[in-house]
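Q: Sequence:
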Amino acid sequence: MKIGVINEVSASQRNEDIVQAIREATDAEVLNFGMKNPEEEPQLTYIQTSYMAAVLLGTKACDFVVSGCGTGQGFLNAVMQFPGVSCGLIADPLDAWLFSQINGGNCISLPLNKGYGWAADINLKYIFEKLFADPFGQGYPKSRAQSQGESRKILSDLSRMAHKSLAEILKNTDVEILRPVVANQAFMDAVTATSEEEIKNILKNIRP
Numbered sequence: 002m003k004i005g006v007i008n009e010v011s012a013s014q015r016n017e018d019i020v021q022a023i024r025e026a027t028d029a030e031v032l033n034f035g036m037k038n039p040e041e042e043p044q045l046t047y048i049q050t051s052y053m054a055a056v057l058l059g060t061k062a063c064d065f066v067v068s069g070c071g072t073g074q075g076f077l078n079a080v081m082q083f084p085g086v087s088c089g090l091i092a093d094p095l096d097a098w099l100f101s102q103i104n105g106g107n108c109i110s111l112p113l114n115k116g117y118g119w120a121a122d123i124n125l126k127y128i129f130e131k132l133f134a135d136p137f138g139q140g141y142p143k144s145r146a147q148s149q150g151e152s153r154k155i156l157s158d159l160s161r162m163a164h165k166s167l168a169e170i171l172k173n174t175d176v177e178i179l180r181p182v183v184a185n186q187a188f189m190d191a192v193t194a195t196s197e198e199e200i201k202n203i204l205k206n207i208r209p
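Counting in my numbering, the sequence shown runs from 2 upward without gaps.
Because the hints were derived from the structure by calculation, they are not lab data.
All of these numbers come straight from a predicted model, not from anything done at the bench.
Each residue gets a CB set at the ideal place from its N, CA and C atoms; glycine is no exception.
Where hints are given, some of them may not hold.
[Unchecked claim] With a straight-line cut-off of 30 Å between C-alpha atoms, the simulated DSS-like cross-links for lysine-lysine are:
1) Lys-115 - Lys-201
2) Lys-37 - Lys-154
3) Lys-205 - Lys-61
4) Lys-165 - Lys-61
5) Lys-126 - Lys-37
6) Lys-201 - Lys-154
7) Lys-115 - Lys-205
8) Lys-172 - Lys-37
[To be verified] Pair ranges (Cβ atoms, derived):
9) Arg-24 - Asn-206: 34 to 42 Å
10) Ala-121 - Asn-206: 36 to 44 Å
11) Ala-134 - Lys-3: 14 to 22 Å
12) Ser-196 - Pro-142: 20 to 28 Å
13) Ser-166 - Glu-25: 35 to 43 Å
Generate coordinates for the entire structure from the input sequences, incorporating the hints supplied.
A: Rendered as structure tokens:
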């Protein structure tokens with residue numbers, strides 16, 4: 002499994018904590034797209050990190066994306082505007098386990114300033130331990146597993162119907178929003194390695 006980690010500027014100081022916690026809790030490959038500190042360029046808002054998450058998932062450059070913002074709400078709302086993204090707001094290990102079992106999504110948003118205090122790094126480690134403890138989508142309680150699976154399928158179909166395609170969204174986005182995105186070399190390297198030629202060409206034609 003490839004897990005992408007993306008931090009926007011206000012939560013960039015949490016990047017190392019997140020990457021370390023994932024590596025301690027799983028044997029997944031971690032792709033770190035920053036931001037790693039507030040001075041790093043390009044600077045990214047949660048709007049830009051939501052585009053990055055959607056592209057990474059849509060091109061299959063990553064299987065799962067971990068991101069967030071100060072409260073987690075901004076990134077959550079932004080990334081859910083894109084097709085094929087199922088994101089949960091995760092504040093503790095129980096949130097993580099229930100999200101994996103009931104919702105079976107491909108993205109989480111973490112509150113990385115609000116309530117981020119003593120032992121926050123331990124909380125992160127426990128979040129990832131529980132998030133990836135069991136195969137996704139098994140249901141909880143087990144008696145509800147079939148109904149929850151049907152709901153996930155309906156929601157996936159609804160996401161596809163309710164959104165424009167990722168390529169169309171990118172084509173119609175103000176290039177000034179996307180310039181910091183394409184200036185992130187690690188992100189572009191990951192996307193370029195995929196077979197999604199249309200998405201790659203759209204992004205490559207945007208000058209940082």
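Q: Please go over all the hints and tell whether each is borne out by the structure.
A: Results for each hint:
1. Lys-115 - Lys-201: Distance ~36 Å between Lys-115 and Lys-201 Cα, so the pair is violated.
2. Lys-37 - Lys-154: violated, 36 Å
3. Lys-205 - Lys-61: holds, 17 Å
4. Lys-165 - Lys-61: Holds, at about 18 Å.
5. Lys-126 - Lys-37: holds, 18 Å
6. Lys-201 - Lys-154: Holds, because 28 Å separates the two Cα atoms, which is no more than 30 Å.
7. Lys-115 - Lys-205: Violated: Lys-115 and Lys-205 sit about 36 Å apart, past 30 Å.
8. Lys-172 - Lys-37: holds, 29 Å
9. Arg-24 - Asn-206: 34 to 42 Å: Holds: the Cβ-Cβ distance is about 35 Å, inside 34 to 42 Å.
10. Ala-121 - Asn-206: 36 to 44 Å: Holds: the Cβ-Cβ distance is about 40 Å, inside 36 to 44 Å.
11. Ala-134 - Lys-3: 14 to 22 Å: holds, 19 Å
12. Ser-196 - Pro-142: 20 to 28 Å: violated, 40 Å
13. Ser-166 - Glu-25: 35 to 43 Å: At roughly 37 Å between Cβ atoms, Glu-25 and Ser-166 fall inside 35 to 43 Å, so the hint holds.
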